[in-house]
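Enquirer: Using the hints provided, position chains B and C relative to the given structure of chain A.
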Amino acid sequence: MEFTAEQIATYLSGTVEGNTNTIVTNIARIEEGSTGMLSFLSNPKYTPYIYETKSSIVIVNNDFVAEKPITATLVRVEDAYASFAKLLTLYQQYLQNSKEGVSEYVVIGKGSTYGAHFFAGEFVSIGENVKIGENVKIYPQVYIGDNCQIGDNTVVYAGVKLYSDTQIGKSVIIHSGAVIGADGFGFAPNSENEYHKVPQIGNVILEDYVEIGANATVDRATIGSTIVRRGVKLDNMVHVAHNVEIGENTVIAAQTGISGSTKIGRNCMFGGQVGIAGHLHIADNVKLGAQTGVGVNLRKEGEIYLGSPSKPLKDYKRWLIETHRIEQLTKRIAELEKFLKEKDKK
Amino acid sequence: MEFTAEQIATYLSGTVEGNTNTIVTNIARIEEGSTGMLSFLSNPKYTPYIYETKSSIVIVNNDFVAEKPITATLVRVEDAYASFAKLLTLYQQYLQNSKEGVSEYVVIGKGSTYGAHFFAGEFVSIGENVKIGENVKIYPQVYIGDNCQIGDNTVVYAGVKLYSDTQIGKSVIIHSGAVIGADGFGFAPNSENEYHKVPQIGNVILEDYVEIGANATVDRATIGSTIVRRGVKLDNMVHVAHNVEIGENTVIAAQTGISGSTKIGRNCMFGGQVGIAGHLHIADNVKLGAQTGVGVNLRKEGEIYLGSPSKPLKDYKRWLIETHRIEQLTKRIAELEKFLKEKDKK
Amino acid sequence: MEFTAEQIATYLSGTVEGNTNTIVTNIARIEEGSTGMLSFLSNPKYTPYIYETKSSIVIVNNDFVAEKPITATLVRVEDAYASFAKLLTLYQQYLQNSKEGVSEYVVIGKGSTYGAHFFAGEFVSIGENVKIGENVKIYPQVYIGDNCQIGDNTVVYAGVKLYSDTQIGKSVIIHSGAVIGADGFGFAPNSENEYHKVPQIGNVILEDYVEIGANATVDRATIGSTIVRRGVKLDNMVHVAHNVEIGENTVIAAQTGISGSTKIGRNCMFGGQVGIAGHLHIADNVKLGAQTGVGVNLRKEGEIYLGSPSKPLKDYKRWLIETHRIEQLTKRIAELEKFLKEKDKK
Chain A
747 MEFTAEQIAT YLSGTVEGNT NTIVTNIARI EEGSTGMLSF LSNPKYTPYI YETKSSIVIV
807 NNDFVAEKPI TATLVRVEDA YASFAKLLTL YQQYLQNSKE GVSEYVVIGK GSTYGAHFFA
867 GEFVSIGENV KIGENVKIYP QVYIGDNCQI GDNTVVYAGV KLYSDTQIGK SVIIHSGAVI
927 GADGFGFAPN SENEYHKVPQ IGNVILEDYV EIGANATVDR ATIGSTIVRR GVKLDNMVHV
987 AHNVEIGENT VIAAQTGISG STKIGRNCMF GGQVGIAGHL HIADNVKLGA QTGVGVNLRK
1047 EGEIYLGSPS KPLKDYKRWL IETHRIEQLT KRIAELEKFL KEKDKK
Chain B
747 MEFTAEQIAT YLSGTVEGNT NTIVTNIARI EEGSTGMLSF LSNPKYTPYI YETKSSIVIV
807 NNDFVAEKPI TATLVRVEDA YASFAKLLTL YQQYLQNSKE GVSEYVVIGK GSTYGAHFFA
867 GEFVSIGENV KIGENVKIYP QVYIGDNCQI GDNTVVYAGV KLYSDTQIGK SVIIHSGAVI
927 GADGFGFAPN SENEYHKVPQ IGNVILEDYV EIGANATVDR ATIGSTIVRR GVKLDNMVHV
987 AHNVEIGENT VIAAQTGISG STKIGRNCMF GGQVGIAGHL HIADNVKLGA QTGVGVNLRK
1047 EGEIYLGSPS KPLKDYKRWL IETHRIEQLT KRIAELEKFL KEKDKK
Chain C
747 MEFTAEQIAT YLSGTVEGNT NTIVTNIARI EEGSTGMLSF LSNPKYTPYI YETKSSIVIV
807 NNDFVAEKPI TATLVRVEDA YASFAKLLTL YQQYLQNSKE GVSEYVVIGK GSTYGAHFFA
867 GEFVSIGENV KIGENVKIYP QVYIGDNCQI GDNTVVYAGV KLYSDTQIGK SVIIHSGAVI
927 GADGFGFAPN SENEYHKVPQ IGNVILEDYV EIGANATVDR ATIGSTIVRR GVKLDNMVHV
987 AHNVEIGENT VIAAQTGISG STKIGRNCMF GGQVGIAGHL HIADNVKLGA QTGVGVNLRK
1047 EGEIYLGSPS KPLKDYKRWL IETHRIEQLT KRIAELEKFL KEKDKK
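Protein chains in written order, with my numbering: chain A, 747 to 1092; chain B, 747 to 1092; chain C, 747 to 1092.
Isolated chain A, as found in the complex (with noise of 0.2 angstroms):
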């Protein structure tokens, strides 16, 4: 990727400060800039950087006033923030959709189809009856199962095995190492002490805009199916287990896991490393806090909880200052104790 700082300033509707024609071809913070980067001003904190930077072209507002020279050239903009995050929007969709064709190696089963702008990596294997949307893009060394759907515009990167007959949205990026579909964890025990397998046969449905992170694990129902709900977005290694539902828009950080049939309402938060135990509800706007245990229904709204086993927020601070307090009690109960037993004396 190249651009002079006239380009930069016509897709922003901005004006150049400087050599018209200075290229950069990566983008760097201010503080750590060098030569080729293109940079943004925006919080008055960070001013004293532009007289020092080496990038080569700097965003910055409107009103921006120099009180010293400065080697970059400037493009000068309403909202330089807003701007940059315009231009990194640009540059990760011109990444992504650089990437077209079919390539070495590929492995395609019968009845599968791909529409228009379709990218597949180096030995990715799809298997039959696969149904491909618009503008998909597969990463090398992807496994797509017999009887997969995937939505227009989504991004599988490399490595990422989707088991049989998962259904993905459109618009969904998975990363990673991700792990889509792998049988339930469900055995049954015999009188010896054996377990055996419950077969697994249900799916995955990984709804519109969803953004699996690295390494997770999302496992197929053992009827009927899990279902990650439109915009959700799950983080590096999350553990999402058999008949599992996730409300729309809830965030969820890395290592959590959530067990077997519970569902989880819409819009919540998690932190990272929680775990929540099987067939419970969650409600709507739930926040959990990080390493947060969860082996009852919380059926409240908005609520936040912490701790293992989880309380509400305000009861979690209250029980940690309490039980910080035991020593300072013991005191005082000796201290009864003891003049008790002296005045019991006289």
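If you are wondering where the hints come from, they were derived from the structure by calculation, not from laboratory data.
Hints are not guaranteed to be accurate.
No copy is singled out in the list; a pair is fine if it fits within one copy or between any two copies.
To be verified - For lysine to aspartate or glutamate, the following EDC-like pairs were computed, each having C-alpha atoms within a straight-line distance of at most 16 angstroms:
no. : residue 1 : residue 2
1   : K845      : E874
2   : K856      : E991
3   : K845      : E813
4   : K845      : D892
5   : K856      : D892
6   : K791      : E1047
7   : K1057     : E824
8   : K943      : D954
Expert: Leaving out everything else, chains B and C in the frame of chain A:
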């Protein structure tokens, strides 16, 4: 897969009520059924659904009496639940055994052999001197290092990595993303606080009937073997460190980690996100609740533990209750102090 | 690999006692030895095993005095433990360096280069403009995105995924299933509670002598770099979020998660399943016990912390003891109350 009501009734020693030629191609819960689906009714709680279901065939108990018209074809059997489970298992076996042959782009190293009904998906890499039994199914993009052994009827799903020298028994199932035999985490510091790698030259043994979840890891031993005994079931993202041994038929839920050289008994059950320190012994039949943290030997067979640090269930429950009693105790002490102070004044 | 007792003695500057032509092909603990195995005896606790071992060769200290007949051939050296460690390292290096050349079905993009003694296993996908040093070993099914750099003597095991722009130093080891450079978890909500992706256009830098465990993840920075400094060792399933920096020679056990933008000092040691919140500073030489949850800056060098929320070791231990004292305190208060009540009556 396509079956008629008659074929199903014959297989289950049941009788058809309705059109014997009704065809089903998949399985669904009675409340979620649609045309072409097979469902069952066993729990009376679900009886109302049989009058509404769109499933084409429903398996019911012989003694089921319809109180309204039913559109689905019925298959009557002695025990609807057991019959359905039997069909599920058949279906899973059918899916599993339908794959056979060596796909395109498979590389098999010299000295390696495999038995009858072998399946190897695309882009499978098999090293040298690998011995693979009969009816083994290796899905795409699996890596099998030199000198590995794999017993009869074992299934290895897409993208599993088996480091060299791994020994896998019969009827084992390993899910996508699992890594078996990576180096144990062993380092020795020098005088400059740099860590030098302790070579990990042992291996991993998974005995018969083991199932390993997606993205789980079992590390090779420093010397000797890390051993997962017959019938053990590990859920997704379980971590088993070097030189660990897990006893027969122990079941471990997702995201649990077991540190180096720890020995775990038979028939144990561990919840999710449990952590166990290194060089410990856990007795047979021990149960650990989710998020339990174990730092000491647990030598009492059949005991249940919870909490971090772990406590026996009874102690844990009491501890929890006690820590919630502090606020009340503080009030009682304050009252005593006030009482005595006032008394003292008189 | 096959060595005679004489070859081993020569390499270790030791002397053979027994048949100088005794052959070994592998290494075992003295208590688990069998024909063809090499073992060592250093710890006197294991002396009884030398009279029973089936290992063909045993390395012993020069001052070892046999009290009974021994069937194994002995190799006497100055320090049996150090000699054995030296052999293990040699063996590991031998295994590692025995792979060389570009295997079948490897795709290398334009502008990419590699040095002498390069090994690339089957189905390796290397993007454009990738720079690979000398003696680098890339196992099967690895993905290396565009513009990555890999230093001399680095080993990348089967199935590792390196997103574009990742920079890896010399003598680094990355285990199977690790994902380096996936997008950081960054989203901005809009007024409808939908989350829009914040582009992640930075990269990951792993410096020299880093080792990354199986299925670990290190996310790319939003802008700039996520940096893992020289000599850091990460165990399996460790999660490192965007813009984190981990100081030299810090060692982190399995399933630990570090949230975005946190800076960790040098020579720290973290146990397993530790969680650290975002935007924090952890001082040099800090130790965190397993399952510790850190939500605040830890600025005191060399301090040990435990618990969730984390406390200094001394405080944690006292807190634990105090919380177990409540039952006893309750009894003492009840006695005081009873005593005063009875006294009052009089």
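Enquirer: Classify it for me, K845 with D892: is the Cα-Cα distance of at most 16 angstroms met within a copy, between copies, both or neither?
Expert: Intra 24 angstroms, inter 12 angstroms, cutoff 16 angstroms: inter-copy only.
Enquirer: How do K845 and E874 come out at 16 angstroms by Cα distance, when the copy is not named: within, between, both, or neither?
Expert: Only across copies: K845 and E874 sit 12 angstroms apart there, 24 angstroms inside one copy, limit 16 angstroms.
Enquirer: With identical chains treated as interchangeable, where does the CA-CA distance between K856 and D892 reach 16 angstroms or less: within a copy, between copies, both, or neither?
Expert: within (10 angstroms within a copy, 31 angstroms between copies)
Enquirer: Reference check for the pair K943 and D954, CA-CA at most 16 angstroms: within, between, both, or neither?
Expert: between (32 angstroms within a copy, 14 angstroms between copies)
Enquirer: Between K845 and E813, at a C-alpha cutoff of 16 angstroms, which is it: within one copy, between copies, both, or neither?
Expert: neither (44 angstroms within a copy, 61 angstroms between copies)
Enquirer: At most 16 angstroms between C-alpha atoms: does K791 with E1047 qualify within a copy, between copies, both, or neither?
Expert: This pair counts as neither: shortest intra-copy Cα distance 38 angstroms, inter-copy 29 angstroms.
Enquirer: 16 angstroms Cα cut-off: does K856 pair with E991 within a copy, between copies, both or neither?
Expert: Cα proximity of K856 and E991: none, with 32 angstroms in one copy and 44 angstroms across.
Enquirer: How would you classify K1057 and E824 at a CA-CA limit of 16 angstroms: within, between, both, or neither?
Expert: Neither. Shortest intra-copy (46 angstroms) and inter-copy (47 angstroms) distances fail the 16 angstroms Cα cut-off.
This entry does not satisfy hints 2, 3, 6, 7, going by the numbered hints stated previously.
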